[in-house]
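Top line first, the protein sequences correspond to chains H, W, G, E and Y.
Using our numbering, the first residue of the first sequence is number 1, and each one after it goes up by one.
Using our numbering, the first residue of the second sequence is number 1, and each one after it goes up by one.
Using our numbering, the first residue of the third sequence is number 1, and each one after it goes up by one.
Using our numbering, the first residue of the fourth sequence is number 1, and each one after it goes up by one.
Using our numbering, the first residue of the fifth sequence is number 1, and each one after it goes up by one.
Honestly, the hints are just simulated from the structure, not real lab data.
Incorrect hints may appear among the rest.
[Said to hold, decoys possible] Here are a few chain Y residues that face chain E, going by a calculated C-beta distance under 7 Å:
hint, residue
1, T10
2, R13
3, Y14
4, K49
5, K50
6, A82
7, L110
Only a predicted model underlies this, so the values are computations on that prediction, with no experimental measurement involved.
The C-beta atom is built at its ideal place from N, Cα and C for all residues, glycine as well.
Next come the chains, spelled out residue by residue.
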Amino acid sequence: MKKIGIVDTTFARYDMGAAAIDELKSNHDGFKIIRYTVPGIKDLPVACKKMFEEQNCDILMALGMPGPKPIDKQCAHEASSALIQTQLMTNKHILEVFVHEDEGKDEKELAWLADRRAREHAINCLDLLFKPEKLIKKAGKGLREGFKDAGPLK
Amino acid sequence: MKKIGIVDTTFARYDMGAAAIDELKSNHDGFKIIRYTVPGIKDLPVACKKMFEEQNCDILMALGMPGPKPIDKQCAHEASSALIQTQLMTNKHILEVFVHEDEGKDEKELAWLADRRAREHAINCLDLLFKPEKLIKKAGKGLREGFKDAGPLK
Amino acid sequence: MKKIGIVDTTFARYDMGAAAIDELKSNHDGFKIIRYTVPGIKDLPVACKKMFEEQNCDILMALGMPGPKPIDKQCAHEASSALIQTQLMTNKHILEVFVHEDEGKDEKELAWLADRRAREHAINCLDLLFKPEKLIKKAGKGLREGFKDAGPLK
Amino acid sequence: MKKIGIVDTTFARYDMGAAAIDELKSNHDGFKIIRYTVPGIKDLPVACKKMFEEQNCDILMALGMPGPKPIDKQCAHEASSALIQTQLMTNKHILEVFVHEDEGKDEKELAWLADRRAREHAINCLDLLFKPEKLIKKAGKGLREGFKDAGPLK
Amino acid sequence: MKKIGIVDTTFARYDMGAAAIDELKSNHDGFKIIRYTVPGIKDLPVACKKMFEEQNCDILMALGMPGPKPIDKQCAHEASSALIQTQLMTNKHILEVFVHEDEGKDEKELAWLADRRAREHAINCLDLLFKPEKLIKKAGKGLREGFKDAGPLK
Chain H
1 MKKIGIVDTT
11 FARYDMGAAA
21 IDELKSNHDG
31 FKIIRYTVPG
41 IKDLPVACKK
51 MFEEQNCDIL
61 MALGMPGPKP
71 IDKQCAHEAS
81 SALIQTQLMT
91 NKHILEVFVH
101 EDEGKDEKEL
111 AWLADRRARE
121 HAINCLDLLF
131 KPEKLIKKAG
141 KGLREGFKDA
151 GPLK
Chain W
1 MKKIGIVDTT
11 FARYDMGAAA
21 IDELKSNHDG
31 FKIIRYTVPG
41 IKDLPVACKK
51 MFEEQNCDIL
61 MALGMPGPKP
71 IDKQCAHEAS
81 SALIQTQLMT
91 NKHILEVFVH
101 EDEGKDEKEL
111 AWLADRRARE
121 HAINCLDLLF
131 KPEKLIKKAG
141 KGLREGFKDA
151 GPLK
Chain G
1 MKKIGIVDTT
11 FARYDMGAAA
21 IDELKSNHDG
31 FKIIRYTVPG
41 IKDLPVACKK
51 MFEEQNCDIL
61 MALGMPGPKP
71 IDKQCAHEAS
81 SALIQTQLMT
91 NKHILEVFVH
101 EDEGKDEKEL
111 AWLADRRARE
121 HAINCLDLLF
131 KPEKLIKKAG
141 KGLREGFKDA
151 GPLK
Chain E
1 MKKIGIVDTT
11 FARYDMGAAA
21 IDELKSNHDG
31 FKIIRYTVPG
41 IKDLPVACKK
51 MFEEQNCDIL
61 MALGMPGPKP
71 IDKQCAHEAS
81 SALIQTQLMT
91 NKHILEVFVH
101 EDEGKDEKEL
111 AWLADRRARE
121 HAINCLDLLF
131 KPEKLIKKAG
141 KGLREGFKDA
151 GPLK
Chain Y
1 MKKIGIVDTT
11 FARYDMGAAA
21 IDELKSNHDG
31 FKIIRYTVPG
41 IKDLPVACKK
51 MFEEQNCDIL
61 MALGMPGPKP
71 IDKQCAHEAS
81 SALIQTQLMT
91 NKHILEVFVH
101 EDEGKDEKEL
111 AWLADRRARE
121 HAINCLDLLF
131 KPEKLIKKAG
141 KGLREGFKDA
151 GPLK
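Whenever a hint applies, use it, and build me the whole structure from the sequences.
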């Protein structure tokens with residue numbers, strides 16, 4: 001049975017991990033979910049590496065909410081770079097689901113965005129794991145996770 | 001028979017993968033094409049690594065369209081850095097074909113640019129794979145993919 | 001018996017390592033503490049790697065105080081990136097505890113912040129090592145180390 | 001017999017590779033030159049790695065001309081970082097010879113600069129390979145490649 | 001007998017390597033010094049790796065003087081990142097001793113700074129190699145190399 005890992009943070013201001021898990025379970029079965037929570041986004045990469053190598057996960061979602069300050073942006077850059085590196089070291093996908101605190105106009109929209117982006121990436125996660133051919137059909141369609149799709153160029 | 005891999009995204013707003021495949025097939029035969037589509041540009045590096053190591057591709061084209069916001073530029077930087085890293089880990093070429101959404105003055109020009117850059121890099125891909133000596137003859141000629149060549153300095 | 005490593009600098013203007021050690025000892029026993037001090041934050045990554053591989057530490061705290069100038073910010077970025085890399089190379093956690101000199105409004109607040117952040121990360125360190133399930137319960141709660149928690153979105 | 005590799009691009013607007021080869025041959029013999037041309041500077045790192053590992057080069061010159069736009073600067077940064085990484089993976093030197101398009105006041109000066117920088121780095125290349133002790137004598141002398149030397153501090 | 005490596009550049013405008021060697025010899029004996037000079041700071045990382053792996057150095061000082069332009073700052077960032085990476089690959093310390101050309105108000109102060117920073121890091125080098133416990137006693141003391149110490153927070 002396939003194992004999907006959910007790795008998230010106590011720093012985030014919305015329980016994106018729970019939203020992802022709910023969406024995964026609503027859309028598919030035949031997999032096991034393992035969860036690992038760390039303090040902040042810079043702790044995500046090694047947590048992901050451990051999930052692949054010590055827990056034998058097949059794919060991961062790494063969820064976090066970088067703050068709005070320049071130092072937060074830099075932390076996000078460091079975390080993102082290392083999440084990609086982790087994938088190269090393991091030959092497995094990690095869906096990075098980051099919501100920046102300045103992406104929403106208020107707390108309500110931010111919570112909505114965090115929930116929706118987590119859910120839409122959960123679908124991507126299932127597609128990559130179980131039906132990768134579905135993604136080829138959507139190539140170049142201008143899809144977005146969270147806010148509405150940009151759509152193909154006219 | 002050589003294998004050329006096409007790796008692209010659902011985030012892109014133009015089907016650059018299809019353009020690349022069309023151009024490859026119009027110019028050469030004697031190779032097999034494999035396609036892999038992922039959600040966004042940060043998913044490209046591991047997809048490329050898997051294409052080399054699990055699908056035995058000999059060369060890849062990685063196609064994407066980074067958005068116009070600062071965070072999109074940062075994602076492109078992270079993806080590009082990791083695509084180069086992937087090449088160093090495998091000793092094989094990946095032609096990065098990125099079109100930034102702010103490179104075109106409108107959607108029409110952007111679509112034209114995405115198509116043309118994908119096609120011109122398809123030719124580079126064939127040259128690197130089958131006729132690398134052709135590139136030596138063009139060294140220092142100020143060639144560009146997409147917009148017109150800058151040409152050699154006068 | 002588990003080994004916790006404390007790695008800090010002579011550049012820092014507050015003895016964050018001592019604060020971390022005091023907090024660790026006040027909250028738990030059954031572990032050994034090893035300390036390693038280097039000149040600056042860019043010396044931390046290799047010191048951490050040596051602590052894992054030569055001293056067999058199970059987890060580390062890396063403590064430092066980057067200065068306020070642009071070059072100091074860049075050093076912090078380089079150090080942080082490499083601390084994450086060190087974790088990926090060893091599959092073990094390093095709690096990065098950095099306090100930037102411009103985070104406090106005066107020396108008094110800065111000292112308070114350095115002490116408190118070191119202590120709060122010492123608790124994270126113990127949780128990751130001994131009770132990781134405690135962190136899952138705090139996922140998405142908007143926790144902060146040092147200044148007060150942001151809390152969950154409303 | 002030692003092998004020197006020349007790796008350059010079709011993007012460059014001056015044939016720096018030819019200038020480097022001419023200078024190498026004018027100053028020394030007893031080595032073989034191998035040339036490899038790729039489309040752009042981000043293709044240089046893997047080309048260099050292949051030159052070391054598949055062509056057994058002892059040292060390389062990597063020549064390129066980054067454009068003047070911010071995205072070009074970012075590409076140069078990505079290429080440079082990976083060229084250094086390539087050296088660390090192989091324990092061999094790569095002389096990076098980049099001329100930025102905004103370094104010259106006009107096309108004529110830029111061509112002069114590209115030629116001269118390629119030639120002066122060709123001498124560095126020969127020194128590193130055949131007479132490294134010559135470089136120790138020039139330590140701290142404020143040498144520059146291309147424009148005139150800054151000289152030692154007074 | 002321990003081996004200390006001195007790696008410096010012909011680009012630097014002050015012979016920091018000589019200053020470091022003089023200071024090392026004045027303060028301790030029972031070690032051998034090996035010197036390696038390269039053209040610029042981006043050549044330092046591989047030179048350091050070779051010093052560890054081909055010359056069996058136990059610790060290194062990497063000395064350089066980045067220029068004042070934005071491109072020089074970027075080169076320094078690339079070199080620094082790779083020097084840390086080199087340490088992670090070898091589990092050995094490299095003391096980075098960089099003096100930026102815009103750190104001094106004139107050439108005289110810059111020369112003074114280069115000399116003093118090289119000498120103060122030479123002491124750090126000896127402490128790390130022979131008496132690491134001395135550094136623990138100075139943890140959090142706000143020490144600086146070159147200009148005067150910031151001192152502990154009040």
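Here is what the structure says about each hint:
no. : hint : result
1   : T10  : 4 Å, holds
2   : R13  : 4 Å, holds
3   : Y14  : 5 Å, holds
4   : K49  : 5 Å, holds
5   : K50  : 6 Å, holds
6   : A82  : 4 Å, holds
7   : L110 : 6 Å, holds
Consistency note: the structure conflicts with none of the earlier hints.
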